[in-house]
Amino acid sequence: MTTPPRLVQVRHRVLKQNDLVARGLRSRFREAGVYVVSLVSGPGSGKTAFLERVLTTLRVRDGLRVAALVGDLATDNDARRLARSRAPVRQITTGTVCHLDAAMVSAALDGWRLEELDYLFIENVGNLVCPSTFDLGEDLRLVLFSVTEGEDKPLKYPTIFHTADEAIITKTDLAPAVEFDAEAAHRGVESVRPGMAIFEVSAKTGEGLDRWLDALSARRSGALG
Amino acid sequence: MHELSIALAILDAASEEAARLDGARVLAIHLRFGPLSGVVEEALRSAFELAREGTPFGETSLVFEAVPLVAFCPSCDAERPVASIRHLRCAECGGPASHVVRGRELEVVALEVEP
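Chains as they are written, first to last, in the UniProt record's numbering: chain D, 1 to 225; chain B, 1 to 115.
Misleading hints may appear alongside valid ones.
[As the list claims (entries may be wrong)] FRET-style restraints, in silico, Cβ to Cβ:
| # | chain 1 | residue 1 | chain 2 | residue 2 | range |
| --- | --- | --- | --- | --- | --- |
| 1 | D | ALA218 | B | ASP77 | 26 to 32 Å |
| 2 | B | SER75 | D | ARG187 | 30 to 36 Å |
| 3 | B | PRO81 | D | ALA74 | 21 to 27 Å |
| 4 | D | ALA107 | B | GLU92 | 46 to 52 Å |
[What the hints assert, rightly or not] Examples of chain B residues toward chain D, derived with CB under 10 Å:
| # | residue |
| --- | --- |
| 5 | LEU21 |
| 6 | HIS30 |
| 7 | GLY38 |
| 8 | GLU42 |
| 9 | ARG45 |
| 10 | ALA66 |
| 11 | VAL67 |
| 12 | ILE85 |
| 13 | HIS87 |
| 14 | ARG89 |
| 15 | ALA91 |
| 16 | VAL113 |
| 17 | PRO115 |
[What the hints assert, rightly or not] Listed next, the stretches of chain D that the computed footprint assigns to chain B, with coverage defined by at least 3 CB atoms under 8 Å from CB atoms of chain B:
| # | stretch |
| --- | --- |
| 18 | 13–26 |
| 19 | 98–104 |
| 20 | 183–197 |
Treat the hints as calculated values from the structure; they're not laboratory data.
We put the CB at the ideal spot given by N, CA and C, even for glycine.
Please take these sequences and the hints and turn them into a complete structure.
Here it is, written out as structure tokens:
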């Protein structure tokens, strides 16, 4: 006699393991008093240029202690570019993996004295799809897209906009050359994520950066008290 | 292709749950997923077929249960279905509804086993 198959109800979040590591990171960051910002975007949106300018400004102008982790599939080009800011930078080479996860961040932080930092930035692998699913324990997630990529990025990749807290439109110095329709871009963000804060920044000229840095500083004070 | 990472995590979840079922054979894993989970069903199906090779789940299938997108609508003061992930607007009144209540899920919810 054969017993028919039975259905056993369970409740198991698929990313439980990642979420547990991310939660551990978040409490470690909070205890150390470091505010953690991650950046996601498609390849070529200007994450590295933006971050280089941010790191330099915070370190030199504001005298803050900053560091960065940078995820990349194969090369350490981005890490070398960021090192020009003279902030400590560590590379995470993911090989064929298209996103960072909490365990990679945790491993990369091995030996770092987080309590000596005010800000830690995590640059994810250039990809607008895969990173959306993985919590890295960050306080703030930025999604970047450049004026040269077109206004419809939010409508094409809504999920990543849902997991991010703020949107940054980059390379605004090129906006006239590519006839960028800022209003359409804002409408797209507003459609997929009503109320999301949007900043427009040129890493080349520095335009718009102060507005974002002021908001960042307010966010940090709010989180760390 | 983050679906491969997810497929491996599904197998880990299934192993952990199956370990409590004294040697029962897992015929199917039921997965509940929302439109904002970041998972594409077709991609995950292929990734799962690769990931299960050489594991005790070589013959196990994956059953998808889609969760609808639901958000809190401040104008209606209620949870409402949402038009689409591209238009986070209340399906009833059309107002913005950015607080997603359901639709991010990615969970193993049942195992079909024998005996």
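Tested hints:
1. A beta carbon spacing of about 30 Å between ALA218(D) and ASP77(B) agrees with the range 26 to 32 Å that was offered as a hint.
2. Here the CB-CB span from SER75(B) to ARG187(D) is close to 20 Å, at odds with the stated 30 to 36 Å.
3. Remark: the range hint 21 to 27 Å for PRO81(B) to ALA74(D) is contradicted by a beta-carbon distance near 43 Å.
4. Hint check: ALA107(D) to GLU92(B), Cβ distance near 47 Å, so the stated range 46 to 52 Å holds.
5. Interface restraint check for LEU21(B): the shortest CB-CB distance to chain D comes to about 6 Å, inside 10 Å, so the restraint holds.
6. Here the hint on HIS30(B) is kept, as its CB sits about 8 Å from the closest CB of chain D, short of 10 Å.
7. Using the Cβ-Cβ criterion of 10 Å, the hint placing GLY38(B) at the interface with chain D is satisfied: the shortest such distance is roughly 4 Å.
8. A hinted interface residue such as GLU42(B) counts as satisfied when its beta carbon comes closer than 10 Å to some beta carbon of chain D; here the least separation is about 14 Å, so the hint is violated.
9. Proximity of ARG45(B) to chain D is violated relative to the hint, the smallest CB-CB distance being about 15 Å (cut-off 10 Å).
10. The criterion of a C-beta within 10 Å of any C-beta in chain D is not met by ALA66(B), whose closest approach is roughly 15 Å, and the hint is violated.
11. A hinted interface residue such as VAL67(B) counts as satisfied when its beta carbon comes closer than 10 Å to some beta carbon of chain D; here the least separation is about 13 Å, so the hint is violated.
12. Checking ILE85(B) against chain D: minimum C-beta separation of about 4 Å stays under 10 Å; hint holds.
13. Satisfaction of the interface hint for HIS87(B) is found here, the shortest Cβ-Cβ separation to chain D being roughly 5 Å, below the 10 Å cut-off.
14. Checking ARG89(B) against chain D: minimum C-beta separation of about 8 Å stays under 10 Å; hint holds.
15. For ALA91(B), the interface hint is violated, the least distance from its beta-carbon to any beta-carbon of chain D being 14 Å, above 10 Å.
16. Here the hint on VAL113(B) is kept, as its CB sits about 6 Å from the closest CB of chain D, short of 10 Å.
17. Proximity of PRO115(B) to chain D holds as hinted, the smallest CB-CB distance being about 4 Å (cut-off 10 Å).
18. Closer than 8 Å: that is the beta-carbon criterion, and the stretch 13–26 of chain D has 6 residues meeting it against chain B, so the requirement of 3 holds.
19. Proximity of the stretch 98–104 of chain D to chain B, defined as three or more residues with a beta carbon under 8 Å from a beta carbon of that chain, is established by the 3 residues found.
20. For the stretch 183–197 of chain D, the stated coverage by chain B holds: 7 residues have a C-beta nearer than 8 Å to a C-beta of that chain, and at least 3 were required.
Of the hints listed earlier, those the structure fails to meet are numbers 2, 3, 8, 9, 10, 11, 15, in rising order.
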